[in-house]
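Going line by line, the protein sequences match chains A and B. Just so you know, we're using the numbering used here here: the first sequence kicks off at 8 and counts up by one. Just so you know, we're using the numbering used here here: the second sequence kicks off at 2 and counts up by one.
Hints are supplied without guarantee of correctness; some may be wrong.
[Claimed, not checked] Label pairs and their calculated CB-CB ranges:
#, chain 1, residue 1, chain 2, residue 2, range
1, A, R170, B, S101, 19 to 25 Å
2, B, L200, A, D181, 41 to 47 Å
3, A, F16, B, Y67, 46 to 52 Å
4, A, I255, B, Y46, 42 to 48 Å
5, B, P50, A, Q188, 51 to 57 Å
6, A, V25, B, V36, 44 to 50 Å
7, A, A272, B, T204, 16 to 22 Å
8, A, F16, B, P9, 25 to 31 Å
[As the list claims (entries may be wrong)] Stretches of chain A that chain B covers, calculated by requiring three or more beta carbons in the stretch to come under 8 Å of a beta carbon on chain B:
#, region
9, 155 to 162
10, 172 to 185
By construction, these hints were calculated from the structure, which means they are not laboratory data. All C-beta atoms, glycine included, are put in the ideal place defined by N, C-alpha and C.
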Amino acid sequence: MDTKRPASFYFLSAFFIVFIIFLYGPTITIGILSFQGPEGGLTFPMRGASLHWFDELFKTQAVGDVWGAFRRSFALGLIVMALTVVFSVMAGMAFRRRFVGATVLFYLIIASLVIPSILVSLGVGLIFSQAGWTVHWLSSGLGAQLTWTLPFGFLIMLAIFNRFNPAYEEAARDQGATAWQTFRYVVLPMIAPSLLGVALFGFTLSYDEFARTLLTAGSRNTLPLEIFGMTTNITTPMLYALGTLTTIFSFVVIGVFIGTLAFAAHRRSRRASDAGKGMV
Amino acid sequence: MTKFLRLPDVRSWLLAMPVTLVLSFFLLLPLLMIVVVSFWGATEYSIYPAFQFDNYQFLFGSSVTYQVFLKTFMYTGITWATTLAIGFTIAYFLAFHVRSQTWQTAFFLLCTIPFWTSNIIRMISWIPFLGRHGLANETLIKLGLIKEPLEWLLYSDFAVILAFVHLYTLFMVVPIFNTMLRIDKSLIEAAHDAGASGLQILTNIIIPLTKPGIMIGSIFVVALVMGDFITVRFMSGSQAANVGRLISNDIGLLAYPSAAATSVVLLVTVILTISIMLRFVDIRKEL
Numbered sequence: 008m009d010t011k012r013p014a015s016f017y018f019l020s021a022f023f024i025v026f027i028i029f030l031y032g033p034t035i036t037i038g039i040l041s042f043q044g045p046e047g048g049l050t051f052p053m054r055g056a057s058l059h060w061f062d063e064l065f066k067t068q069a070v071g072d073v074w075g076a077f078r079r080s081f082a083l084g085l086i087v088m089a090l091t092v093v094f095s096v097m098a099g100m101a102f103r104r105r106f107v108g109a110t111v112l113f114y115l116i117i118a119s120l121v122i123p124s125i126l127v128s129l130g131v132g133l134i135f136s137q138a139g140w141t142v143h144w145l146s147s148g149l150g151a152q153l154t155w156t157l158p159f160g161f162l163i164m165l166a167i168f169n170r171f172n173p174a175y176e177e178a179a180r181d182q183g184a185t186a187w188q189t190f191r192y193v194v195l196p197m198i199a200p201s202l203l204g205v206a207l208f209g210f211t212l213s214y215d216e217f218a219r220t221l222l223t224a225g226s227r228n229t230l231p232l233e234i235f236g237m238t239t240n241i242t243t244p245m246l247y248a249l250g251t252l253t254t255i256f257s258f259v260v261i262g263v264f265i266g267t268l269a270f271a272a273h274r275r276s277r278r279a280s281d282a283g284k285g286m287v
Numbered sequence: 002m003t004k005f006l007r008l009p010d011v012r013s014w015l016l017a018m019p020v021t022l023v024l025s026f027f028l029l030l031p032l033l034m035i036v037v038v039s040f041w042g043a044t045e046y047s048i049y050p051a052f053q054f055d056n057y058q059f060l061f062g063s064s065v066t067y068q069v070f071l072k073t074f075m076y077t078g079i080t081w082a083t084t085l086a087i088g089f090t091i092a093y094f095l096a097f098h099v100r101s102q103t104w105q106t107a108f109f110l111l112c113t114i115p116f117w118t119s120n121i122i123r124m125i126s127w128i129p130f131l132g133r134h135g136l137a138n139e140t141l142i143k144l145g146l147i148k149e150p151l152e153w154l155l156y157s158d159f160a161v162i163l164a165f166v167h168l169y170t171l172f173m174v175v176p177i178f179n180t181m182l183r184i185d186k187s188l189i190e191a192a193h194d195a196g197a198s199g200l201q202i203l204t205n206i207i208i209p210l211t212k213p214g215i216m217i218g219s220i221f222v223v224a225l226v227m228g229d230f231i232t233v234r235f236m237s238g239s240q241a242a243n244v245g246r247l248i249s250n251d252i253g254l255l256a257y258p259s260a261a262a263t264s265v266v267l268l269v270t271v272i273l274t275i276s277i278m279l280r281f282v283d284i285r286k287e288l
């Protein structure tokens, strides 16, 4: 390929920049507006700059149970994350070979991804109410969220195992490793970095999930439900302050995951096999 | 038939058991329940088991239903076309114009990070832009392009589609980029050497080879937009309705059988649409 950039490169670069501004612009705008002065409103101009709205947010009485909602969402996110990783790896292992009913199960998992979230919410809510059970974020909420996170985790695991060389496991088996030992000491260390990706999906999709949790969370809201409730009765930049805080929290979570991944890859390349480099 | 339950099959099923159980109880059973309840009756404050077609009769007898379905298809069609055009362009830029792999990864991450943040917040973020006194109106007035603030920017179909595009374009970018990366670069070089123009390479090589990615992205976008209710409610200021909102309104009125009947029709529509789209792509092969 020649090194001179074609004209289309500059056009596409400009398009990409505009797209990035489109993606991030609104988020940055509410980030700025959350520092609105006490007299300021939901739009520009800024009337001074202050931490007033963050301050308001911490005086909990005014806005309902934001911190309780955050704690619940955080806890639920961690639980969903753990279950998503474990269940997805297991299902991914199962799909490495053909088995009776695999196709049906595969399409069930795809269905879980494309079926409108509100139907899951409604259906789970109906089952619980007809069975006389109380909906709770830790039971019905957890289950409804798993129908959203598991397909992502599963598809990622399929992609990983599609590229996984079975020779390593054969070698382990040949040397007498049990099935569990093969998994624990050969497969798991090799797929560990990818599991971080599954975990990231599990946590963030749960933490931000709205529609599937709507009728299944019960009397105590998760954070997205709480925020949505606020949109109808709070018309001050406090809404932006909360939005900014949770977005920053999301960025920190994503940063931690990606940072860990990058670190692991770096370490891996440093401690990589010395095959072919040693003394002959 | 002796081979029906071989030991490896049992092992696979045991491994797939947790996923199967979760989806059976929290997806299949709820959908079954919706189908059952769609035949039930309702009083003002409770629902009772029955086997009647009243809910469907009412649904298909009302002109609102057809308008709302039409609107849902309209949102889906426009959003699909827009996200495809933008998503393809971005993926094409990342895959073929960004040469360093580090930058490619960095830019790709930049495109995907918003996916892991809250949709609700991302919708709220449009208020200061699109509002009556928002940035868009203020800028247009300052430039002298308009005299009065445009009313249709926020709480309108325009806002709904803008939010859809904002939220879901990355569902196009990711699978299209993924398939583009797997296109053998030597094919493009060969075409180039044979005298093909950039446009010919795009239409004869890249687009045909990118079809599976386009299909996967389309499945995501179509399913998400057809099943949505919250984006339409929030961005239209409760002024527009799609099928999802019809359902959520009924739920709000505790009219569960009616909501269930609408849900069944939506479910059938979505499953039919997605099944047709799935015929054009083998997802397992594309992962």
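Checked hints:
Hint check: R170 (chain A) to S101 (chain B), Cβ distance near 23 Å, so the stated range 19 to 25 Å holds. Distance hint check for L200 (chain B) and D181 (chain A): the Cβ-Cβ separation is about 54 Å, which falls outside the suggested range of 41 to 47 Å. For F16 (chain A) paired with Y67 (chain B), a C-beta distance near 47 Å keeps the hint of 46 to 52 Å intact. Distance hint for I255 (chain A) and Y46 (chain B): a CB-CB separation of about 44 Å, consistent with the stated range 42 to 48 Å.
Distance hint check for P50 (chain B) and Q188 (chain A): the Cβ-Cβ separation is about 54 Å, which falls inside the suggested range of 51 to 57 Å. Here the CB-CB span from V25 (chain A) to V36 (chain B) is close to 46 Å, well matched to the stated 44 to 50 Å. Hint check: A272 (chain A) to T204 (chain B), Cβ distance near 37 Å, so the stated range 16 to 22 Å is violated. One distance hint, 25 to 31 Å for the beta-carbon pair F16 (chain A) and P9 (chain B), is violated here, with the actual separation near 52 Å.
Coverage of a stretch by a chain is defined here by at least three residues with a beta carbon nearer than 8 Å to that chain's beta carbons; for the region 155 to 162 of chain A and chain B the count is 3, and the condition holds. With 0 residues having a Cβ less than 8 Å from any Cβ of chain B, the region 172 to 185 of chain A misses the three-residue criterion, and the hint is violated.
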